[in-house]
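Enquirer: Sequence:
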Amino acid sequence: MSHSNAYPYQEIFERYLNRQELAQPTIAEYRSVLTDLFNFLSNFNAGYQADHRVKTLLDRDVEQYLAMLVNQRQVTNGTYNKMLSHINIYFKYLFTHDLITHYPTLTLKGKSHDDLKAPTTKWLHLMPAILANQQLAVYTRLTLLLSRRFYTVTEFLTPGFYQQLDTKSFNPSEQTFWQDYQQFIRPLQERQHSQDLFLKQRLAGDPHLTAAGLHKYLKPDEKLLGFALTPTRLYQSAILDFLLRHPHLSDQQLSEKLRLDPQSLTYYRQLAMQYRG
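Taking UniProt numbering, the leading residue of the sequence shown gets 1, the next gets one more, and so forth.
Misleading hints may appear alongside valid ones.
As the list claims (entries may be wrong) - Distance windows between CB atoms, simulated:
1) M273 to N133: 25 to 35 Å
2) N133 to A23: 49 to 59 Å
3) T232 to Q253: 18 to 28 Å
4) R19 to L58: 23 to 33 Å
5) E256 to G213: 38 to 48 Å
6) G160 to H215: 19 to 29 Å
7) T158 to S32: 38 to 48 Å
8) A23 to R245: 46 to 56 Å
9) T176 to Y103: 39 to 49 Å
10) R191 to H215: 20 to 30 Å
11) R186 to T79: 47 to 57 Å
12) L58 to N18: 24 to 34 Å
13) R19 to S42: 25 to 35 Å
Simulated from the structure, these hints should not be mistaken for lab results.
In this text, a Cβ means the ideal position worked out from N, Cα and C, and glycines have one as well.
Generate the whole structure from the sequences, applying the supplied hints.
Expert: Structure follows, in structure tokens:
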């Protein structure tokens, strides 16, 4: 019986697995995981639906599938890591045999189950209290404020970012915090000769705070707040919360409000559907 079409490059990949002398039940497990992955992409991934080319897949396409395993199928940690390992070996084979030009699972790691739950959105509803909380580092509060306004950590740590920030649209609690923040940052801006928003406390060749430098402020504040302060997850949860609360906005309106290109918007929409489900 031929399985030639259950997933792309199945025949040559399974020949390779046979040459590695893997047991038949193990090869069958690869087949079922990869068939499931590509069925999922065919049904839920707009980019893959458009052309069904494996070489166009990115890490976030695979991540979308992995998030579904956790949030909808509630797979255990062990199962998750085993499935990721199978998918990883498949893409590594395609990559090393020049069948694809980049390796979409390179950045994906096995995870403890806690990392995989839907990002918390409760902080979004506590923002006035968080912004007013003097125990939290000023940079922590600013990170939460900017994440809530749909800026990524890459954007807001980039020199010159302050020029695109519209502070006039801040609500009263944000305005109050912004005044506190100004008192904190002005002396630093003068000392560092920079108008940027995230600056090192000490004089340095490059005055800008790095992502690692920001992490040193965020980490201690996690205990005070009781949730993870990973900027990428905060950004994600702000986007998802907005999508779930505004189901009737058009793609055009959402793209403008969230500053997302159509592909990214589709990705987050599908993610929102999983969390809603």
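Enquirer: All hints, please: hold or fail.
Expert: Going through the hints against the structure:
no., hint, in the structure
1, M273 to N133: 25 to 35 Å, "holds, 34 Å"
2, N133 to A23: 49 to 59 Å, "holds, 57 Å"
3, T232 to Q253: 18 to 28 Å, "holds, 24 Å"
4, R19 to L58: 23 to 33 Å, "holds, 29 Å"
5, E256 to G213: 38 to 48 Å, "violated, 32 Å"
6, G160 to H215: 19 to 29 Å, "holds, 22 Å"
7, T158 to S32: 38 to 48 Å, "holds, 44 Å"
8, A23 to R245: 46 to 56 Å, "holds, 50 Å"
9, T176 to Y103: 39 to 49 Å, "holds, 47 Å"
10, R191 to H215: 20 to 30 Å, "holds, 23 Å"
11, R186 to T79: 47 to 57 Å, "holds, 53 Å"
12, L58 to N18: 24 to 34 Å, "holds, 30 Å"
13, R19 to S42: 25 to 35 Å, "holds, 29 Å"
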